[in-house]
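Here is what each chain is made of, one letter per residue.
4 protein chains.
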Amino acid sequence: MEAYPPQKTALILVDPFNDFLSEGGKLWAYTRETVEGIALVKNMKALIGSARENKVQIIYAPHHHTTKGDYMNWKFLSPSHAGSKNTTLFEKGSWGAQFHPELVAQEGDLIAQNHWTGSGFANTDLDFLLRMHGIEYVILAGMRANTCIDSTARYAVELGYHVTLIKDGIAAFTWEEIRATTETNFPNYGHAILSTEEFTRIIKT
Amino acid sequence: MEAYPPQKTALILVDPFNDFLSEGGKLWAYTRETVEGIALVKNMKALIGSARENKVQIIYAPHHHTTKGDYMNWKFLSPSHAGSKNTTLFEKGSWGAQFHPELVAQEGDLIAQNHWTGSGFANTDLDFLLRMHGIEYVILAGMRANTCIDSTARYAVELGYHVTLIKDGIAAFTWEEIRATTETNFPNYGHAILSTEEFTRIIKT
Amino acid sequence: MEAYPPQKTALILVDPFNDFLSEGGKLWAYTRETVEGIALVKNMKALIGSARENKVQIIYAPHHHTTKGDYMNWKFLSPSHAGSKNTTLFEKGSWGAQFHPELVAQEGDLIAQNHWTGSGFANTDLDFLLRMHGIEYVILAGMRANTCIDSTARYAVELGYHVTLIKDGIAAFTWEEIRATTETNFPNYGHAILSTEEFTRIIKT
Amino acid sequence: MEAYPPQKTALILVDPFNDFLSEGGKLWAYTRETVEGIALVKNMKALIGSARENKVQIIYAPHHHTTKGDYMNWKFLSPSHAGSKNTTLFEKGSWGAQFHPELVAQEGDLIAQNHWTGSGFANTDLDFLLRMHGIEYVILAGMRANTCIDSTARYAVELGYHVTLIKDGIAAFTWEEIRATTETNFPNYGHAILSTEEFTRIIKT
Numbered sequence: 000m001e002a003y004p005p006q007k008t009a010l011i012l013v014d015p016f017n018d019f020l021s022e023g024g025k026l027w028a029y030t031r032e033t034v035e036g037i038a039l040v041k042n043m044k045a046l047i048g049s050a051r052e053n054k055v056q057i058i059y060a061p062h063h064h065t066t067k068g069d070y071m072n073w074k075f076l077s078p079s080h081a082g083s084k085n086t087t088l089f090e091k092g093s094w095g096a097q098f099h100p101e102l103v104a105q106e107g108d109l110i111a112q113n114h115w116t117g118s119g120f121a122n123t124d125l126d127f128l129l130r131m132h133g134i135e136y137v138i139l140a141g142m143r144a145n146t147c148i149d150s151t152a153r154y155a156v157e158l159g160y161h162v163t164l165i166k167d168g169i170a171a172f173t174w175e176e177i178r179a180t181t182e183t184n185f186p187n188y189g190h191a192i193l194s195t196e197e198f199t200r201i202i203k204t
Numbered sequence: 000m001e002a003y004p005p006q007k008t009a010l011i012l013v014d015p016f017n018d019f020l021s022e023g024g025k026l027w028a029y030t031r032e033t034v035e036g037i038a039l040v041k042n043m044k045a046l047i048g049s050a051r052e053n054k055v056q057i058i059y060a061p062h063h064h065t066t067k068g069d070y071m072n073w074k075f076l077s078p079s080h081a082g083s084k085n086t087t088l089f090e091k092g093s094w095g096a097q098f099h100p101e102l103v104a105q106e107g108d109l110i111a112q113n114h115w116t117g118s119g120f121a122n123t124d125l126d127f128l129l130r131m132h133g134i135e136y137v138i139l140a141g142m143r144a145n146t147c148i149d150s151t152a153r154y155a156v157e158l159g160y161h162v163t164l165i166k167d168g169i170a171a172f173t174w175e176e177i178r179a180t181t182e183t184n185f186p187n188y189g190h191a192i193l194s195t196e197e198f199t200r201i202i203k204t
Numbered sequence: 000m001e002a003y004p005p006q007k008t009a010l011i012l013v014d015p016f017n018d019f020l021s022e023g024g025k026l027w028a029y030t031r032e033t034v035e036g037i038a039l040v041k042n043m044k045a046l047i048g049s050a051r052e053n054k055v056q057i058i059y060a061p062h063h064h065t066t067k068g069d070y071m072n073w074k075f076l077s078p079s080h081a082g083s084k085n086t087t088l089f090e091k092g093s094w095g096a097q098f099h100p101e102l103v104a105q106e107g108d109l110i111a112q113n114h115w116t117g118s119g120f121a122n123t124d125l126d127f128l129l130r131m132h133g134i135e136y137v138i139l140a141g142m143r144a145n146t147c148i149d150s151t152a153r154y155a156v157e158l159g160y161h162v163t164l165i166k167d168g169i170a171a172f173t174w175e176e177i178r179a180t181t182e183t184n185f186p187n188y189g190h191a192i193l194s195t196e197e198f199t200r201i202i203k204t
Numbered sequence: 000m001e002a003y004p005p006q007k008t009a010l011i012l013v014d015p016f017n018d019f020l021s022e023g024g025k026l027w028a029y030t031r032e033t034v035e036g037i038a039l040v041k042n043m044k045a046l047i048g049s050a051r052e053n054k055v056q057i058i059y060a061p062h063h064h065t066t067k068g069d070y071m072n073w074k075f076l077s078p079s080h081a082g083s084k085n086t087t088l089f090e091k092g093s094w095g096a097q098f099h100p101e102l103v104a105q106e107g108d109l110i111a112q113n114h115w116t117g118s119g120f121a122n123t124d125l126d127f128l129l130r131m132h133g134i135e136y137v138i139l140a141g142m143r144a145n146t147c148i149d150s151t152a153r154y155a156v157e158l159g160y161h162v163t164l165i166k167d168g169i170a171a172f173t174w175e176e177i178r179a180t181t182e183t184n185f186p187n188y189g190h191a192i193l194s195t196e197e198f199t200r201i202i203k204t
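Same order as they appear, the protein sequences are chains H, V, S and U.
If you count the first sequence from 1, position 173 lands on 172 in numbering that gives the first Met the number 0, and the numbers rise without skipping.
If you count the second sequence from 1, position 183 lands on 182 in numbering that gives the first Met the number 0, and the numbers rise without skipping.
If you count the third sequence from 1, position 69 lands on 68 in numbering that gives the first Met the number 0, and the numbers rise without skipping.
If you count the fourth sequence from 1, position 65 lands on 64 in numbering that gives the first Met the number 0, and the numbers rise without skipping.
The following block holds chain H by itself, in its conformation from the complex (with noise of 0.2 Å):
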């Protein structure tokens, strides 16, 4: 099994906002199901521990927080655009875009640019944030499973980065989404699949 060089490794928390973790959320009727079912807040909480506790890197991947004027004048929306805007998701300033409670930043983690789309590190500082550190390997937990996930998984591989997703670190709207993600997709590219667990028991030693 793969060791963890903690100065060389990163938790990087995709999306982790009230509006898809917390009741009351806007995307919480999509996402409570496998949320709830995965323990997704809990696992986050025992990743984010032992991060702490261990000196890995802690580096939150957030999506863009939405105000009224954004995608004026777009040429055209992807159907993720079209969501964030209808629904004007993450609202900027809103609790929504606040950090779940549980999961808040602490002095020495690291908060990327927002990204639009899918992917943490396109558009954002995330890859050069992760080498100004010297971060080799990067730890994937978050939101949501087959989109925001899989995207920044994909281009952590086309980067260099080791990659490791924790499979009940992530959630999504059905428990066929997170199945495409960690059984159908990233074993394909991804270089590590663990439990929260097992990256925890690892980490350690």
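The hints are simulated quantities; they were obtained by calculation from the structure and are not laboratory data.
You may find that some hints are simply not true.
Copies of the same chain look alike in the list, so a pair counts if it fits in one copy or across any two.
[As the list claims (entries may be wrong)] Mimicking DSBU-like on lysine-lysine, the simulated pairs with C-alpha atoms at most 30 Å apart in a straight line are:
1) K54 - K74
2) K54 - K25
3) K91 - K203
4) K203 - K84
5) K84 - K7
6) K41 - K74
7) K54 - K41
8) K203 - K7
9) K7 - K54
Once you have looked at the hints, place chains V, S and U on chain H.
Showing chains V, S and U alone in chain H's frame:
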């Protein structure tokens, strides 16, 4: 339905190699079921003919042609890299690395640099060539649905293109892989899904 | 002479901060000579007015706003990073990090994510925002000629844009730095060099 | 003075083609003055020898090899593209597109994909290859100081590398172009400037 201005549209053909598409190819045992089942070569040929007839730019996005020394001294290999290395996939100079005889390039077609992993855009000049030819709409066909096609489509959206997937213009190792792309993933971020017949009809008008 | 279709053209304003352009700014002692000598603020104001009048998209490409914790634990600092750190350049929330009062953004203008080093495109959403607004021609003005302006121009060409430099719309620490950009470097790779007066005349026609 | 861990360091050789560096080359009339004046081939040879001896990875970053059909139907050409087209610079298959006979690649060296414009990183796999070999420090030598070398150096910094310029390992069309790079521009963003002699001494220790 979207209109495609032909001079702003490109048909991207991903990895139409003999190793994927022809009897005797190194992956034929895995791809035959869906390649034949979906009539991939016939459909790609129809797409290419239609593109040529309507002055739609054709561009190939080919995977790296493997040679013996490749992947030596790499820090770590993704499963995709390990697979290419172990089978000397699309071996440089071999028949398996040639485009399927019914899908070969003609004068005026473009061929992007070879990609190392999944996305035809990552670490290649595919984006640059499309820009220099004024392309804003890309149509995706080829192999393999949930790896290179899905990755190339995700990158295209992040790069600002309008992205159309030809649902019977892609194949994979299993029908489930195709469904993961066409039903579970692409509809979240891509702009349009069309059949070969639909595209060839729309582009004429 | 090149015609600039207004709806495909953007004016990119690089780092028009008080720290660069205003008396009392942290770098004013270094920039005053050329900023005043070339009448930079007056010219940028004319460019902005002309862009607004002719429906040319304005987009700001601002440098990172420095905060205390920045650059901690970085593997190594480039002179640009070290300088920003040591002077807390464009300090977050400070007057120095505000745009010059005569060059402020208005509704409809775009503001790209902040860049960490030289190029306004590197590790930001500048390219993506330009794409989504259909921009193919970029006009460059701002600070500092041989660092951010030259880098942003080089990236723009590599990304497939038509790139115009406003020769009296940029300043630096010395006249030699400006000449290195306008006479020695840019003519090798950029598409056009115009004066403010030439641009404002051409864009009207 | 910076120490360079050999296994994390790469020597990037930019465009060491006969057309640039050899009598009879298409640009020899322009480059002879500084190539001979700075003893470029001798210095690059010393750098290569030193790199090989100390297990520093050598990687070539070659410009596009021009063929007749190139640049057809491009939206617009930068002066760099127009020049390559008009002179069929580094013509594919020609002597001029071969590396200078004293600077040829050996087994174990890497050759990145060809770049279309200035930066060896733009639209190529140079970054990816460096990452997969664990490179964090890049040493730059080759042609031409204020175009490809300066662009490649700027990209390297934005990508998170430690960047060293060999001041007598580059040449150009004029001494002023070299000074623009070594004195006016690079010191603002690059990490170190060394002579060939200094680098070959430091890397041994």
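Those earlier numbered hints the structure runs against, lowest number first: Result: hints 2, 3, 4 and 6 break, sorted rising.
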